[in-house]
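Peer 1: Now for the letters of each chain:
Protein chains: 2
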Amino acid sequence: MDYRPRPDDIRFLLGVLGAGDQLRTLPAFAEVDDALAGQVLDEAGKFVADVIAPLNRSGDEIGCSFEAGTVTTPPGFRDAYQAFQQAGWPALSADQAHGGQGLPAVLEAVLYEWLSAANQGFTMAPGLLHGAYDCLKHHGSPELKAAYLHEIATGQWLATMCLTEAHAGSDLGLVRTRAVPQADGSLRVSGSKIFISGGEHDLTDNIVHLVLCRLPDAPPGPKGLSLALVPKQLPNGQRNAAFCDRIEDKMGLHASPTCAMRFEDAQGWLVGEPGRGLHAMFVMMNSARLHVALQGIGLLDAAWQKADAYAAERRQMKAPGHTGAEPSLIAEHPAIARILATQRAWIDGARLLAYRTGLMLDVARHDANPKARASAQRWCALVTPVLKAACTQQGFDGASACLQVFGGHGYVREWGIEQNLRDVRVAMVYEGTNEIQAIDLLVRKVLPDGGADFSAMLVELRSELDASRDHDADAQRRLAQLRYLATGVALAAKAQPALAYEVADDFLRVTALALLAWSWARIEAKAPDGARWAQPAAALRRWVLPEFDMRLAMVKRASEAVALAGAA
Amino acid sequence: MDYRPRPDDIRFLLGVLGAGDQLRTLPAFAEVDDALAGQVLDEAGKFVADVIAPLNRSGDEIGCSFEAGTVTTPPGFRDAYQAFQQAGWPALSADQAHGGQGLPAVLEAVLYEWLSAANQGFTMAPGLLHGAYDCLKHHGSPELKAAYLHEIATGQWLATMCLTEAHAGSDLGLVRTRAVPQADGSLRVSGSKIFISGGEHDLTDNIVHLVLCRLPDAPPGPKGLSLALVPKQLPNGQRNAAFCDRIEDKMGLHASPTCAMRFEDAQGWLVGEPGRGLHAMFVMMNSARLHVALQGIGLLDAAWQKADAYAAERRQMKAPGHTGAEPSLIAEHPAIARILATQRAWIDGARLLAYRTGLMLDVARHDANPKARASAQRWCALVTPVLKAACTQQGFDGASACLQVFGGHGYVREWGIEQNLRDVRVAMVYEGTNEIQAIDLLVRKVLPDGGADFSAMLVELRSELDASRDHDADAQRRLAQLRYLATGVALAAKAQPALAYEVADDFLRVTALALLAWSWARIEAKAPDGARWAQPAAALRRWVLPEFDMRLAMVKRASEAVALAGAA
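The listed protein sequences derive, respectively, from chains P and R.
322 is the number that the numbering used here gives to position 306 of the first sequence; each next residue is one higher, with no gaps.
298 is the number that the numbering used here gives to position 282 of the second sequence; each next residue is one higher, with no gaps.
FYI, nobody ran anything at the bench for these hints, they're computed from the structure.
Hints are supplied without guarantee of correctness; some may be wrong.
The list treats identical chains as one, so a pair stands whether inside a single copy or across any two.
[Claimed, not checked] Derived BS3-like pairs: lysine-lysine, alpha-carbon spacing no greater than 25 angstroms straight-line:
hint : residue 1 : residue 2
1    : 387       : 334
2    : 153       : 334
3    : 239       : 387
4    : 387       : 510
5    : 239       : 334
6    : 239       : 62
7    : 461       : 161
8    : 334       : 510
9    : 62        : 461
10   : 572       : 239
11   : 387       : 153
12   : 387       : 572
13   : 572       : 62
14   : 510       : 542
15   : 62        : 387
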C-alpha cells in the first residue's frame with residue numbers, strides 16, 4: 017500500500033501553531049498567505065502520492081547497482097527526480113535570487129516528511145540539497161557561489177556531505193583526508209570517505225561534494241578541519257578525480273547508493289576559512305537534523321497507515337464485548353487499538369514540535385527583531401537534538417509495533433511494512449547517533465550556562481498554555497519538573513562531570529515527553545470533537561506519559577547519588 | 017563475527033539453579049551427573065561453533081531458492097544438517113526407546129539457545145522436531161508411532177506444523193482445510209496453508225506434516241479441529257499430494273523456507289481424537305514457546321558478542337575522565353557501556369528463568385511425586401508465555417541497541433549485526449504473537465482462579481530468597497507487589513472483563529521484570545566477585561527495573577479506574 021499524504025491534518029496542526037500569522041510577520045513571507053500555503057501543500061501531496069510513493073517498493077527490491085565506478089539507480093528514479101526537479105520542489109525554501117521559490121522552511125519540512133514517508137530511498141538524494149545550499153550561501157566565495165549556488169538551489173546538480181572515514185565516524189576530529197593548496201588558488205584533495213549518500217548516481221549530470229579535509233600543517237583534531245567543494249565534473253568539462261569504489265549492502269534504503277569515495281588529487285576549492293570546516297558545516301546542522309526527525313515521523317506515519325488499513329479489514333477472534341457472529345476486526349482488539357492510537361500520539365505530537373521548529377528556522381533567518389531571532393535560535397538549538405533522537409527512536413519502535421499488527425503477514429514483503437522498519441533504522445544512526453544528540457543537548461547546550469537557556473525556553477512554552485485547562489496544567493507541571501531537574505543535574509555535574517554523560521539519554525527522553533505533553537495540550541485546545549484527536553490524546557496520557565515519571569526518577573536518583581557521595 | 021558459545025557461563029547458571037541435584041532426584045536422569053552434562057555442553061558448544069555458526073551469513077545472503085515445487089537450501093546446509101542428525105543432536109531429549117538420548121529438556125534448551133544464536137535460519141529446520149515428537153508420542157496411534165516416531169525422534173525425517181491459513185492466523189478456529197475419512201482408515205486432506213516453516217526442502221528425504229484440519233460435519237470454531245499426519249513420501253514410496261506453491265520473501269531467516277502448502281486429497285492419518293486437534297497440539301505448546309524465548313535470548317547474546325567485541329577495539333573521542341592521548345575505546349563511553357551491560361542483565365537473568373523452565377519440564381514429565389509435577393506444570397503454564405513475549409521483545413530491542421553500538425557500521429552487512437535484528441524480529445510474532453501471550457497469561461491463566469495459582473507460584477519463588485540479603489529483599493518486595501496487583505486486577509476484571517485485555521501487555525511485562533529481579537538476586541548470591549556479574553546486576557537495578565514501577569502503576573491505575581467507575 018502506497019503512502020498518501022493527508023494535507024488536512026497538516027493544515028490543522030499549522031493552525032494550532034498559528035503558523036500563518038507568524039509567517040506574515042516576517043517580511044520575507046509577507047505574501048505567503050494561507051491560500052498559497054494550502055495550495056503548495058495540496059500540490060506537494062499530489063506529487064508525492066502520484067510520482068514518488070509508487071516507486072518505493074521496486075526501489076527497495078531492485079535497489080541500486082554498481083559497476084566499474086558507475087551507479088545505476090532503480091528503474092524510474094531518474095525520471096522521477098527530473099520531474100521533481102523541474103517542478104521546483106528541491107528549491108522550495110531557497111532564495112528566489114538563486115532560482116528558488118523563497119517559501120518558508122516549515123513548508124519544506126512538511127514536504128520532506130511526506131517524501132520520507134512515501135519513499136525514503138528516493139528522498140536521500142535531494143535530502144542533502146538544502147544543507148549544501150545553506151553552507152555554500154553562507155561560506156562560499158563569490159566565485160564558488162556564481163558557479164554552484166544556482167545549480168544546487170534548484171537541484172539541477174545534487175550534493176553530498178563527505179565527512180566519515182573508516183576510522184572517523186562520531187569522532188570527525190580523526191579525519192585524515194588531505195587538501196593541498198595550488199598556485200591557482202584551488203586545492204588538490206586526496207583521501208577515502210565512506211558512507212557517502214549519493215556519492216555517485218545517474219540522477220544528475222554533476223555531483224557536488226563537500227569534503228571535510230585537512231590542510232598541510234593543520235593542527236590535529238577538529239580545529240584542523242577545513243571544508244572543500246569538489247565537483248564530479250570540473251567547470252572545464254573534465255571529469256574530476258572523485259571516484260566511487262563500491263556501494264554498501266545495507267539493511268534498508270536500497271534505492272539510495274551509500275558510496276565509498278576515493279579522492280585522488282581531485283581538484284577542489286575551499287569553502288569558508290581554513291580550520292573552520294566544522295563551523296561551515298554547522299550552519300546546516302539544525303535543519304539537517306530536523307529533517308532526520310521528520311524521516312522518523314514520516315516513516316512512522318507510513319507504517320501507521322498500513323497497519324490502520326489492515327486492522328480495519330482483517331478479522332480474527334472476538335474482541336471483549338463483541339456480540340456479532342463473525343470475528344471482530346482486529347482494530348477492535350484492545351492490544352491493536354493501543355498500538356495504533358499510541359503511534360498517532362507520537363506522530364501528531366511530534367509533528368507539532370517539528371513544524372514549530374521549522375517556523376523557528378524561518379524566524380531565526382528572517383525576523384527583523386534580534387530578540388525574536390535569538391529566541392528562535394535557542395529553540396532550534398535545544399529542541400532539534402531532542403526531536404532527532406526521540407522521533408527516530410519512535411519511528412523504529414513504532415514501525416515495529418505496526419508490523420506486529422500484521423502478525424506473520426508483517427514479516428513477509430507482501431504488505432511492505434517490513435521495508436518501513438528496515439528503512440527507518442538508519443535514522444537513529446546518521447546525522448549524529450541518538451546518543452550523540454543526547455550529549456549535544458545536555459553537555460553542550462543545557463549545562464554550560466547552568467540550564468539558564470533551557471529554563472528560559474521551558475518558561476516560554478509554559479506561557480503559551482492556559483492553566484485553567486486540565487491538560488495544560490498537567491503539561492505545565494511537567495515543564496516545571498523538567499526545569500527543576502535540569503538545575504539539579506547542572507549542580508551535580510559540576511561535582512562529577514561524568515554524570516552528565518551517564519544520564520544524557522534519559523534527560524533527552526524526559527525532555528521529549530514533556531514537549532509531547534505540551535504539544536498535545538495545544539492540540540486538544542483546538543481539536544474538534546471526535547476520535548481523530550481524542551483517541552491519541554488519551555493514548556498519550558495512558559501509555560506514553562508514564563515514561564516521563566520513570567525517566568525523571570532515574571535522572572533524579574543519579575544526580576542525588578552524586579550529591580550524597582559529595583556529602584559523605 | 018561468528019557466534020561462540022560460552023559453556024562456563026551456562027555451567028554457572030545451572031549451578032545457581034542447583035540443576036544437577038534436582039535432575040538426580042528424577043529416576044529418568046539418575047545417571048546424568050554434572051560430568052556428563054558438562055561434556056554434553058562442551059560438545060554441543062563445539063559443534064555449534066564449528067559447523068553451524070559459519071553458515072549463518074551465507075545462509076542469509078544466498079537464502080533458499082524455489083523452483084517448480086522444490087526448495088533448495090543454502091550451500092552447506094544439507095551437509096550440516098546431516099552431520100547434526102548423525103551426531104544425535106536432534107534426539108537429545110527423546111526417549112532412548114525411540115532412538116533418542118534420553119537427556120533432560122534443560123540441556124536441550126541450552127543446545128537450542130546456542131543454535132539460535134549461531135544460525136537461526138538453520139535452527140528452524142530441527143526446531144519443530146521435539147514438538148512433533150511429543151505430539152505423536154502422546155496422541156499417535158500405535159501404527160503411526162511405529163511408522164514415524166523413530167524417524168522424527170532422530171531427525172532422520174523433519175517435521176512441520178501446518179496451522180495457519182491465509183484468513184486464519186491467531187484465530188485458528190477459522191481453519192478450513194478439510195479431511196475426509198476413507199474406507200482404509202486414512203484421511204484425504206485438502207486445503208491451503210501458509211507460513212509453513214520447512215514445508216519443503218532438501219535436508220531430509222521425507223517431511224512429516226502435522227496438519228490442522230476439519231472432518232466432515234465438524235462444528236465450526238476451534239472445537240471442530242482435528243490433526244492429521246500427512247507425509248511427503250507415503251509408506252509405499254509414492255509421492256503424496258502435499259505441494260509447496262511458493263516460498264515467502266521475508267525480512268530475515270532467509271535460510272529457512274517459509275512455504276505456502278497445498279494439500280490435494282493428500283493421504284493422511286488422524287493424530288489423537290476427532291475434534292481434539294488443538295488439544296493434541298497443546299502438548300507441545302510450552303516447550304515450543306520456551307524455545308522461541310530461547311531464540312530471543314540466543315540472538316540477543318549473539319548481537320551482544322558482536323557489539324562487545326567491536327566496542328573493545330573501536331576508538332572514538334575521549335570518554336569523561338579519559339586522560340590518554342589517543343581516543344577512548346567506545347566501550348568506555350557511558351552510553352555504550354550502558355547498552356552492553358543492560359543486554360547482559362536481560363540475557364543472563366532470562367537464561368536462569370528459561371533453564372528453570374527447562375528443568376520444570378523435566379520435573380513435570382518425570383517426577384514420581386504428583387505434587388511436584390503439578391507445581392512444575394504450574395510454573396511452565398504461567399512463566400512460559402512471560403518468557404516468550406519478554407525475551408523476544410528484548411531480543412529485538414536489545415539487538416537494535418547492539419546495532420547502535422556500531423553506528424553506521426551496524427546498518428551495513430559488514431559486521432552481520434543487522435542480520436541479527438532482521439532474524440529475531442519474527443520471534444515476536446510466531447508461536448502466538450506476544451499480545452496473545454499476554455492474554456494467555458492474564459486472561460486464561462491468572463484470572464480464572466482469581467490469581468490463586470499465580471500467587472502460589474510467586475510465594476514459592478519468594479521462599480527461595482533470603483531476606484537478609486538486600487537484593488533478595490528487593491525481589492521479595494516486587495513479588496509481593498505483583499501478587500497484590502494480580503488480586504486487584506482479578507477483582508476489577510470481574511466488574512469489567514475488557515479490563516484484562518487492556519492491561520494484559522503491561523501485566524505480562526511487570527511479571528517479567530519481577531521474575532528478572534528474582535533471577536538476579538539468585539545469581540548475585542552465588543556470583544564470584546568481578547565485573548562479569550556485578551556490572552549487569554547494577555545495570556538491572558539502574559536501567560531495567562525502573563520499568564517495573566512504571567508498569568505496576570499503569571495496571572494499578574486502570575484497575576482502580578474500574579473500581580471507581582463501579583462506585584460512581
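Peer 1: Taking the hints in turn, state whether each one holds.
Peer 2: Evaluated hints:
1. 387 with 334: The answer is neither: 59 angstroms in one copy and 36 angstroms across copies each exceed 25 angstroms.
2. 153 with 334: For residue 153 and residue 334, neither the intra-copy (61 angstroms) nor the inter-copy (33 angstroms) Cα distance is at most 25 angstroms.
3. 239 with 387: Classified as neither; 30 angstroms inside a copy, 73 angstroms across copies.
4. 387 with 510: neither (30 angstroms within a copy, 60 angstroms between copies)
5. 239 with 334: Cα proximity of residue 239 and residue 334: across copies only (16 angstroms, versus 64 angstroms in one copy).
6. 239 with 62: For residue 239 and residue 62, neither the intra-copy (46 angstroms) nor the inter-copy (50 angstroms) Cα distance is at most 25 angstroms.
7. 461 with 161: Answer is neither: 32 angstroms inside a copy and 71 angstroms across each miss the 25 angstroms cutoff.
8. 334 with 510: between (58 angstroms within a copy, 18 angstroms between copies)
9. 62 with 461: Classified as neither; 40 angstroms inside a copy, 51 angstroms across copies.
10. 572 with 239: neither (36 angstroms within a copy, 55 angstroms between copies)
11. 387 with 153: within (24 angstroms within a copy, 80 angstroms between copies)
12. 387 with 572: neither (33 angstroms within a copy, 47 angstroms between copies)
13. 572 with 62: Classified as neither: same-chain Cα gap 48 angstroms, cross-chain 47 angstroms, threshold 25 angstroms.
14. 510 with 542: neither (43 angstroms within a copy, 38 angstroms between copies)
15. 62 with 387: Neither: 38 angstroms inside a copy, 68 angstroms across copies.
When each numbered hint is compared with the structure, violations occur for hints 1, 2, 3, 4, 6, 7, 9, 10, 12, 13, 14, 15.
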